[in-house]
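Asks: If you want the building blocks of each chain, they are given just below.
Protein chains: 2
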Amino acid sequence: MSTPAMQRTVFVVSDSTGITAATFSNSVLSQFDQVEFDTVRIPYLDSIEKAEEAVARINRCAADQNAPPLVFSTLVDPAITETLRGANCIFFDLFGTFVQNIEEALGVKSSHSVGRSHMGGLSKQYNARIEAINFTLAHDDGQYVEGLKEADVILIGVSRCGKTPTSLYLAMQYAVKAANYPLIPEDFDRGALPATLLPYRKKLFGLSIQPSRLAEVRNERRPNSQYASIKQCRHEVAAAERLMRMENIPWLSTTTKSIEEISTKVMTEIGLERRQLY
Amino acid sequence: MSTPAMQRTVFVVSDSTGITAATFSNSVLSQFDQVEFDTVRIPYLDSIEKAEEAVARINRCAADQNAPPLVFSTLVDPAITETLRGANCIFFDLFGTFVQNIEEALGVKSSHSVGRSHMGGLSKQYNARIEAINFTLAHDDGQYVEGLKEADVILIGVSRCGKTPTSLYLAMQYAVKAANYPLIPEDFDRGALPATLLPYRKKLFGLSIQPSRLAEVRNERRPNSQYASIKQCRHEVAAAERLMRMENIPWLSTTTKSIEEISTKVMTEIGLERRQLY
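Chains A and B, in that order, are what the protein sequence lines are. Numbering of the first sequence is given in the working numbering, commencing with residue 17 and proceeding in unit increments. Numbering of the second sequence is given in the working numbering, commencing with residue 17 and proceeding in unit increments.
Hints are not guaranteed to be accurate.
Copies of one chain are not kept apart here, so a pair can be met inside one copy or by any two copies together.
Straight-line Cα separation of at most 27 Å, DSS-like style, residue types lysine-lysine; simulated pairs [said to hold, decoys possible]: (1) 247 to 218; (2) 66 to 281; (3) 140 to 281; (4) 219 to 281; (5) 219 to 165; (6) 218 to 66; (7) 219 to 66; (8) 140 to 247; (9) 281 to 247; (10) 281 to 165; (11) 140 to 219; (12) 165 to 218; (13) 247 to 125; (14) 218 to 281; (15) 165 to 140.
FYI, nobody ran anything at the bench for these hints, they're computed from the structure.
Bound conformation, chain A alone (with noise of 0.2 Å):
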């Protein structure tokens, strides 16, 4: 990594949630690694005067730096973008890129309606999300085995090889039940899998971390105990990965990964990711 030669600022500006926007920017301008962005989001945009005020904003900023920002907008409403596109910027209008293209393509007119992104708070997906996300609380770290049988996915591990965030991601962005069940001592001890968990093999799926980082994670957690010592950590893991290997259990390791590149892994071994028809 070498250090940005340069920075800039960058507005993310929406009707809505502006979610889309910063997830766009943010990704498109991580080819960018000579330069340092400091991200400023305007979420619902949806007046005149608001436009205005974010316009003032925009040019105040272009000219105590001596360069337009960039600005990323997931706008509708056409009067708001074209204020916006008056101030001193550099201006990707993210839908409007696409949406003329894609009314050509399908040949319909598109809505142009506001901050109709994400779903409404009474949808199916959205309850089907907040269930889920009960569900991962109620069978987090081996919590009310009964409850098995329903889940979609169960993730196992070494305690603290990151089993709480990858379930609670797969239950909030995907509305998934992911429970997860621990891998502990005894059970490298009898060289087998938990009991409980045999049933339900087919839902299993491993995540392991390497040594060093376990043993950073744990001891944060329980400082110079016999848990956290790298020796612990080293049998722990070495023992789980190959329980994981004997028993044919897809896994992967957290070490390098983000929590959407694990989830995105789990979901598609796993064949979460939907029956595709293609």
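Put chain B on the given structure of chain A with help from the hints.
Replies: Quick look at chain B alone, frame taken from chain A:
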């Protein structure tokens, strides 16, 4: 809502998780409510072989449906992108469309490196998110009050109004240490905030919910209980809203909002969106 008049398959292709492309396509396609879109995500598309497989899938779909599918791509590799473009599809090159403009605006070249958009497993941001999730889990529902002083925000509201999912989303997405604390009938009888919360007034944000919706949610958990009765729900919600108004605590109703929308409002209102220079 009218019944969609047509259906169309959408492929989301990426050399990484595909989350950016999926978020974007979902968002822009929500502008076309006459069409029902069926999305197929192909993540980790990082070789010409995989690209050729994807082309075959897309072509099969086009032939079956007698219409070219839409393809949203955040592929970075030019050769892989070219392969995909060869499919019978309408191709949207999300990065390509903007990268050149950004290069010109900034006067620097992009790195054209794949799979960069999400932080690696060991990054500071990743650790901050995991720490925030652990904090939120430890401070769910008024547990461990000593830790509240470290919280970035404390969500309050009646039981089952949406505090837990919102707290988790804030932690997961923004690395915000979000605690939550229930408002219970005793608080309403006393007509005052729980004493525990008084030192943290500035961190409080209230969530409310329509009584009928609350009764529904509570009934799932404890069917036909006093707790879930519409009368009890009406009483608690009215009392909680009165208390929050009296105490001048910012709050909103979760009833018709997505977790993303609620979280964005919390971030903005409580000033967590970070100190913004502009």
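Asks: My question is about residue 219 and residue 281: at a cut-off of 27 Å on alpha-carbon distance, are they close within one copy, between copies, both, or neither?
Replies: within (14 Å within a copy, 37 Å between copies)
Asks: Given a CA cutoff of 27 Å, do residue 219 and residue 66 count as a within-copy pair, a between-copy pair, both, or neither?
Replies: between (49 Å within a copy, 26 Å between copies)
Asks: With identical chains, the pair residue 281 and residue 247 could be close in the same copy or across copies; at 27 Å between alpha carbons, which is it: within, between, both, or neither?
Replies: neither (29 Å within a copy, 46 Å between copies)
Asks: Evaluate residue 66 and residue 281 at a C-alpha cut-off of 27 Å and name the case that applies: within, between, both or neither.
Replies: between (41 Å within a copy, 16 Å between copies)
Asks: Can you give me the call for residue 165 and residue 218, within, between, both or neither, at a CA distance of at most 27 Å?
Replies: Only inside one copy: residue 165 and residue 218 sit 11 Å apart there, 43 Å across copies, limit 27 Å.
Asks: Checking residue 165 and residue 140: alpha-carbon separation at most 27 Å within a copy, between copies, both or neither?
Replies: within (22 Å within a copy, 37 Å between copies)
Asks: As a check of your reading, is residue 247 near residue 125 (CA-CA no more than 27 Å) within one copy, between copies, both or neither?
Replies: neither (63 Å within a copy, 46 Å between copies)
Asks: Which holds for residue 218 with residue 281 at a C-alpha limit of 27 Å: within a copy, between copies, both or neither?
Replies: Answer is within: at 16 Å inside a copy they meet the 27 Å cutoff, but 40 Å across does not.
Asks: Indicate which option fits the pair residue 140, residue 219 if close means a Cα-Cα distance not exceeding 27 Å: within, between, both or neither.
Replies: within (24 Å within a copy, 32 Å between copies)
Asks: With 27 Å as the alpha-carbon cut-off, assign the pair residue 219 and residue 165 to within, between, both or neither.
Replies: within (9 Å within a copy, 40 Å between copies)
Asks: For residue 218 vs residue 66, is the C-alpha pair at or below 27 Å within one copy, between two copies, both, or neither?
Replies: Close across copies (26 Å), not inside one copy (52 Å); limit 27 Å.
Asks: One pair to classify: residue 247 and residue 218, alpha carbons no more than 27 Å apart. Within, between, both, or neither?
Replies: Neither way: residue 247 and residue 218 sit 32 Å apart in one copy and 45 Å across, limit 27 Å.
In summary, the numbered hints that this structure violates are 1, 9 and 13.
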